[in-house]
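> Please work from the sequences and hints to get the whole structure.
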Amino acid sequence: MYSIEQFVFLVLENHILECSLTATRRIFTKIFNVPKGPDAKTIRKLFAKFERTGIVDDNRVGNVGPRQTVVTPENVAKVSDIVQQNPRNTVRRIASGIGLKRSSTQKILRKSLRMFPYKIQSNQAIHIKAVRQRFDFANEILTIIDNEGFDVGRIWVTYEAHFHLNGFVNKQNWRFCGSENPHLCEERPPHSPKVTAWVAECSRGIVGAFYMRETISSERCITILEQFVSTQLALEDRPRIESFMQDGA
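Using the UniProt record's numbering, the first residue of the sequence shown is number 1, and each one after it goes up by one.
Derived by calculation from the structure, the hints in this document are not laboratory data. Possibly wrong hints are sitting among the right ones.
Claimed, not checked - Dumping the calculated PhoX-like pairs for lysine-lysine here, alpha-carbon to alpha-carbon at most 20 Å: (1) K101 to K78; (2) K78 to K111; (3) K111 to K101; (4) K107 to K78.
Right, here's the structure in full:
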């Protein structure tokens, strides 16, 4: 970093010496008693700037002090108000609302407000009656296995995967900004437009997948089982007595 006096000397001396950069640098080190003066590129840029603007001062003069920051009390208060009104707002939407960068808004949330995005869980609601039925079924199966020597290798565990077609699941909207985890859990509707994939698995392998676009019903489950039986017969070429356990329950 050179002073204004040194900048002026470089410009004048370079002009006097008819743009001899080496001679200008040699005289500069001798006059100002420095071991190493500015290189030729610096002198050339300084002289070109003087010819273009008529000044030699550094453009950075006046910017002394800490860098400006957007993490001001006013911006922190704005972000806090938006989050309190709707904790599910995304960082990008909050930043757009107050005219800040996404990174700056995220910095305010994390470092100033100590708020972090927590995921909201979505679980299927299970009634008490259904829980009791599952316990009864499990106990009955254990009794059959113990008393009758049931071959567990003939148990097929079926699985279903639902792919919603109406944008029901949107992970970007399932965030909650707060200083601590609220442990929110919302129930989702039991029926929505979707495609269901069905597979059956046992110790001998996997059969499927079969797809359904309609809502699952007993009639459609029977249709899938008929498709399963025909597929299994084609693979094993002999009928067997099989048992099914739905959804790994």
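> Do the alpha carbons of K107 and K78 lie within 20 Å of each other, as the hint requires?
Holds. K107 to K78 sits at ~14 Å (cutoff 20 Å).
> Assess, step by step, whether the Cα of K111 is no farther than 20 Å from the Cα of K101, and give holds or violated.
15 Å, holds
> For a C-alpha distance cap of 20 Å, please report whether K101 and K78 respect it.
This hinted pair holds, its Cα atoms lying about 14 Å apart.
> Can you confirm whether the C-alpha distance between K78 and K111 stays at or below 20 Å?
15 Å, holds
Every hint from the earlier list agrees with this structure, and none is contradicted.
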